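Asker: Produce the entire structure from the sequences given, and follow the hints as far as they go.
Protein chains in written order, with my numbering: chain U, 13 to 468; chain H, 421 to 533.
Hints listed in this document are in silico derivations from the structure and should not be mistaken for laboratory results. Just so you know, not all the hints are guaranteed correct.
Claimed, not checked - Only part of the chain U face toward chain H is listed, based on derived beta-carbon distances under 8 Å:
(1) His42
(2) Asp45
(3) Glu67
(4) Glu73
(5) Leu78
Just so you know, these numbers come straight off a predicted model, no measurement behind them. Positions of the beta carbon are idealized from the N, C-alpha and C atoms, including for glycine.
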Amino acid sequence: MELHEYLDTLAEQIRCKKARPMIQEEIKNHIEDQAQAYRKEGMGEEKAMAKAILEMGDPVEAGMELDRVHRPKMQWTLVALVVLLSIIGMIMQIVIFKTGCLSNEENVTTIQNGFIYNSILNTIISFCVIGAACILDYTYLAKHPVALWWLFCFLQVVGSIFYMEGPFIRGFQLNYYGFTLMVPIFAAVVFRYKNKGMAGFLKCIGLYLALVLIKMFTQLSYISGMLELTISVLVVLTVAVIRGWFGEKKAGKLALIWIPALGAPALIGTVAVFFNDKIRIMADYQAARIQALFHMDSWANYQVLAARAEMEKATLLGTRRLPLTTLPSIQNDYIVTSMFTYFGIIFTLFVMSMILFFICKAFHLSIRQKNQLGSMMSIGCVMVLLGKIVVYVISNVGGVSIFGQMSMPFLSYGLGNAVVNGVLVGLLLSVYRNTDIVSEKISKPKYIFRFPVEKV
Amino acid sequence: MAVDKSLISGSTTMLLLKLLSEKDMYGYEMIETLQKKSNNVFALKAGTLYPLLHSLEERGLLTVYEATVMGKVRKYYGITKEGKKFLKAKEAEWKEYSLAVSNVLGGVVYGIA
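Answerer: Written as structure tokens, this is what we have:
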């Protein structure tokens with residue numbers, strides 16, 4: 013048997029094609045080492061190779077054993093949770109549309125059915141996106157992460173210019189959902205600059221700051237999206253520093269990100285509350301929201317107070333009534349409050365604990381993921397999901413809220429929400445699926461041609 | 421997870437983990453070292469070794485990394501914290517087992533007065 017015959021027979025047993033090259037490489041190295049050892053003992057070239065291959069044993073048996081290890085894996089617990097939560101969310105949305113459209117409008121049933129149809133369609137689309145993102149090889153994202161980052165920065169500008177316009181997606185949606193998708197991209201950027209020391213670390217921060225500058229010169233809207241992104245970016249960078257991706261001297265680097273991260277909001281908040289009439293650093297509504305934190309009876313707290321009132325009315329088993337008159341577009345913004353009043357405290361807490369379990373499970377898997385890029389990307393995905401959930405739930409139970417809740421992963425209505433959360437969950441599953449398959453070596457150009465330059 | 425034949429005969433696993441607890445090695449090195457240390461008693465086939473290494477890595481008992489040594493890219497395996505814990509348990513199990521065998525055979529047993 014020739015070397016390539018052995019390797020081919022071995023590879024044929026491994027069903028997952030992506031896993032084959034890296035295994036073949038390792039085995040080939042081994043056979044060559046063995047042949048070399050035989051040659052040193054005085055054997056001829058061919059005889060040494062033949063003996064080394066014979067020494068390997070049966071390629072079919074070994075290949076079958078390897079096949080057992082290198083299989084795509086599905087995280088069925090997370091899949092089951094997502095399906096269950098999405099269906100619960102869909103049912104809640106349908107209940108809202110069934111009850112909410114009973115106005116005096118004509119064609120009530122048509123409008124109702126339209127919304128219900130959309131709700132079901134969004135759920136199905138979300139599952140499709142999860143499936144697609146899960147099957148895709150996430151390492152493709154890491155091929156050109158910096159270019160992708162700039163592309164999304166550009167999309168932020170586009171979103172700001174066409175704020176309320178756009179053929180398929182409105183500008184502001186581009187802004188908000190763009191922020192979300194930039195988190196896994198940032199994780200890939202951090203991976204790109206791994207082992208590049210302080211310079212690499214500063215480049216990562218630089219790319220984040222570039223986005224901040226772009227936002228400040230265009231339109232600093234959707235602070236909530238920016239905040240979710242920022243917190244996720246901080247966590248991703250912190251994990252990278254702790255794991256030693258940028259070399260030793262970790263404390264200094266941590267200080268470099270956390271001191272400004274904690275200092276800046278305090279500074280901006282102070283300016284907004286006390287000097288907004290003199291130094292305009294944010295829109296009136298944004299300043300008003302911060303000021304409202306200190307004046308609970310302010311008009312700006314109308315929704316917070318309404319949500320609180322609704323929460324007080326919630327009973328253990330539910331009242332089968334919705335906060336339709338007191339809160340705006342509850343299918344988007346107050347689906348958790350609606351769940352509390354309609355289905356009751358027990359059921360909603362059960363749903364919340366499922367979401368919490370999802371996040372904990374996903375975070376645990378991300379931290380333990382042995383592929384470093386995959387680990388970082390899924391930490392990013394989990395963090396941005398968590399950020400959305402925290403902002404949303406706090407506002408829904410009537411806690412203080414300065415950041416507008418945009419969407420509740422798994423539960424709230426909207427195509428954008430369905431697609432973007434689908435991407436995040438799909439990425440998480442893709443990383444897990446490819447645990448024993450992909451090798452994260454960033455492919456470098458194989459052949460570098462160098463022309464000899466003669467000195468004159 | 422599918423039950424792995426070579427894992428049931430856990431002694432190979434234990435020997436490999438023991439080797440790697442001393443230093444990181446690549447596959448060929450492991451076979452050589454094992455052979456030397458056991459006076460040629462354990463001649464591990466590469467066809468058994470690699471599937472075993474890969475499954476140990478899948479279970480998180482080993483980590484793998486690439487290093488270029490003398491111009492050759494090699495895959496090195498190292499033991500993880502979990503691997504060390506697993507090895508400790510396996511060693512204890514093994515000691516108990518061999519003690520039991522010795523008791524039955526009636527040979528000299530160390531550690532018992």
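Asker: All hints are to be evaluated individually against the structure, with a verdict given for each.
Answerer: Hint-by-hint comparison with the structure:
1. The closest approach between the C-beta of His42 of chain U and any C-beta of chain H is roughly 5 Å, which is under the 8 Å cut-off, so the hint is satisfied.
2. The restraint placing Asp45 of chain U at the interface with chain H holds, with a minimum CB-CB distance near 4 Å, inside the 8 Å limit.
3. Among the interface hints, the one on Glu67 of chain U holds; its C-beta lies about 7 Å from the nearest C-beta in chain H, closer than the 8 Å criterion.
4. Given the 8 Å rule on beta carbons, the hint for Glu73 of chain U holds: about 6 Å separates it from the nearest Cβ of chain H.
5. Evaluation of the Leu78 of chain U hint against chain H yields a held restraint, the C-beta minimum of about 5 Å falling below 8 Å.
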